[in-house]
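Sequences and hints are given; from them, build the entire structure.
So the chains spell out like this:
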Amino acid sequence: MTAKIATREAYGKTLVKLGEKNDQIVVLDADLSKSTKTADFAKVFPKRFINVGIAEQNLMGTAAGLATTGKIPFVSTFAMFATGRAFEQIRNTIAYPKLNVKIAATHAGLTVGEDGASHQTVEDISLMRSIPNMTVIVPSDAVETEAAVIAAAEMTGPVYIRLGRLGVPAVNQDDYHFQWGKAVVLREGTDVLLIGTGIMVDACLQAAESLHSEGISAGVINIHTIKPIDRETIVKMVKTTGAVVTAEEHSVIGGLGSAVAEVLGEEYPAPMKRVGVQDTFGESGNPLDLLNKYGLNAQSIVLAAQEVIKRK
Amino acid sequence: MDRQKIILLEEKAKEIRKDIITMLREAGSGHPGGSLSAADIFSVLYFHEMKIDSQNPHWPERDRFVLSKGHAAPVLYATLAEKGFFPKEDLLTLRKIGSKLQGHPDMRKVPGVEISTGSLGQGLSVANGMALAAKLDGASYRVYALLGDGECQEGQIWEAAMFAAHYKLDNVAAFLDHNGLQIDGRTTDVMSPEPLDEKWRAFGWDVQVIDGHSIPDILSALEHAGRVKGKPSMIIANTIKGKGVSFMEDVAGWHGMAPKAEEAERALAEIDQRRSE
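Chains as they are written, first to last, in this note's numbering: chain A, 56 to 367; chain B, 159 to 435.
Note that these hints are calculated values from the structure, not bench results.
Nothing here was measured: the structure is a model prediction, and the numbers come from that model.
Heads up, the beta-carbon is just placed ideally off N, CA and C, and yes, glycines get one too.
It is possible that part of the hints are untrue.
Just so you have them, the derived chain A footprint on chain B, three or more residues with Cβ under 8 angstroms [unchecked claim]:
hint, stretch
1, 197-206
2, 269-279
3, 282-289
4, 422-431
Computed list of lysine-lysine pairs in DSS-like fashion (alpha-carbon distance at most 25 angstroms, straight line) [stated by the list, open to error]:
hint, chain 1, residue 1, chain 2, residue 2
5, A, Lys102, B, Lys326
6, A, Lys98, B, Lys254
7, B, Lys293, A, Lys98
8, B, Lys254, A, Lys102
9, B, Lys293, A, Lys102
10, B, Lys326, A, Lys153
11, B, Lys293, A, Lys72
12, A, Lys153, B, Lys258
In structure tokens, the structure reads:
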């Protein structure tokens, strides 16, 4: 079994590599560097690491100021506080003027675990994708995280990268070629399309195997870039399969499922079901128990797939 | 102190005030009170203090100015036009659809605007980021900012205040437009931010309190601020909202209401008549 690596771990390591290549990279954090792993960068480049303390609004504004001078700030804290507490700062002071700030927020979703509901953001993708000029990327594993962080540094403009606390299995091979804005077709299928993002991509793959043993052919795609979303691939594969299930570690309101529904509703309506947090808050618990309790697992995807196939 | 310089700066402040009135009359909406109260500060910053080049708005070594109280866009626009960043005729397009002169400053549209502002409380954080970049790069440019006193009710201002002192940003000099008014009335009645001087001092800033309409005072304050080491500087400028137009002075209602044609005419005549002290 391959080692499970948290996307936040991959982020921390990639930041160091970026820092070595480009002296304009600076990193900011709000007293969470040991958790977000920006501490890795801080250790090697202490002068280019800026801790603002527990002050997320100031965090974003300071990053914006640095960006106006040509620096490339990577800004980290928990996703709840980055996108919640500092939503308006991101919107008005980073996105509106299109400043080159990369928000890499960790501990997103339910898998932040025992800290509980106050820390478990299930709205962050919804919030960030509703902002104009914002690119939103949700990496599925360590390899994809490294590629996404490098891509974010290379592109111009605001980027939101959603990272997690929990170790996750590899979905991509080491020779994976990441292209932001392009969905990754992991499995072809003809009966139903499973669309996943983040940690739910692996669950989609497991579900596809399960469905296969029932004689159902499920396609699987990984949508790492929620915005701008790859409309073309989605429509093409839904035309082939005729039914779709989306899966995300996020509310069913406003995230991947909603984004896919927007595309299909306009271009190719099809029977659809969204697997995700059903408009509730989370709670304290072991991450894996939580995923099962809130229906964020392969089993839920299988049931959803069977349901949408019936509606074809 | 150079008598000629003072007279020049007072003349510039006069021009800025007239342009504020004219552009607001044309726009039909906007913020005269808090723009007029800052005109003298802008005159000194842009026509004496700051190292800038209107033909080179992106010159890396330039001093930066952040209008944290972004609604005072008219005074910024008037000053930038007077300084030559863009033609004066453009001032008449304020707030019109398609204009680069948006209701609150847009850094992507107007040369000379260093950051988009409008939502209060955010500009000082940005100023700090710019100043920090200078420290990281060993650059000598300075960063100036203008805050509102009502704006000091926003928590983020104090996050930024804490940050600037902690990071010893002695290349930051902020002005506070202490006109005592906000939309719903006197700041001391709505939500008193006082005592502001003690608060800023407690947050680790070097604090001066001056007459915000005295060019010599503003000049001295900046000279002092330029010599402060290891701390950011706060210059609390006691001002009168609507300064220069008698019927606007110290009236909360003129925060966000544009003068009509007849009011504008009276205002311009008054500003013109005002003699240098």
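Exercise for review: Measure nothing beyond the straight line between the CA atoms of Lys254 (chain B) and Lys102 (chain A); if it is 25 angstroms or shorter, mark the hint as holding.
Suggested key: violated, 45 angstroms
Check your understanding: Under the criterion that the straight-line Cα-Cα distance not exceed 25 angstroms, is the pair Lys293 (chain B), Lys102 (chain A) satisfied?
Key -> holds, 10 angstroms
Check your understanding: For the pair supplied as a hint, Lys98 (chain A) and Lys254 (chain B), is the alpha-carbon distance within the 25 angstroms limit?
Key -> Answer violated: Lys98 (chain A) to Lys254 (chain B) is near 51 angstroms, above 25 angstroms.
Review point. If you look at each residue in the stretch 197-206 of chain B, do at least three have a Cβ nearer than 8 angstroms to any Cβ of chain A?
Key: violated (count 0)
Check your understanding: Is Lys153 (chain A) close enough to Lys258 (chain B), meaning Cα to Cα at most 25 angstroms?
Key -> OK: Lys153 (chain A) and Lys258 (chain B) at ~16 angstroms, within 25 angstroms.
Check your understanding: Straight-line Cα separation of Lys102 (chain A) and Lys326 (chain B) no greater than 25 angstroms?
Key -> holds, 14 angstroms
Review point. Within the assertion that chain A covers the stretch 282-289 of chain B, do at least three residues meet a Cβ-to-Cβ distance smaller than 8 angstroms?
Key: Since 8 is at least three, the answer is holds.
Practice item. Three residues minimum, CB to CB under 8 angstroms: does the stretch 269-279 of chain B make the cut for coverage by chain A? Let me know. Key: holds (count 7)
**Study point:** Pairwise hint evaluation, Lys72 (chain A) against Lys293 (chain B), where the allowed Cα distance is 25 angstroms at most
**Key:** holds, 24 angstroms
Check your understanding: Do the alpha carbons of Lys326 (chain B) and Lys153 (chain A) lie within 25 angstroms of each other, as the hint requires?
Key -> violated, 28 angstroms
**Study point:** Pair hint Lys293 (chain B) and Lys98 (chain A), alpha-carbon separation not exceeding 25 angstroms
**Key:** Holds, at roughly 20 angstroms.
Exercise for review: Quick one: see if chain A covers the stretch 422-431 of chain B, three-plus residues with Cβ-Cβ under 8 angstroms.
Suggested key: It is violated: at least three residues are needed, and the stretch 422-431 of chain B offers just 0 whose Cβ sits closer than 8 angstroms to chain A.
In this structure, the hints that do not hold are numbers 1, 4, 6, 8 and 10, in rising order.
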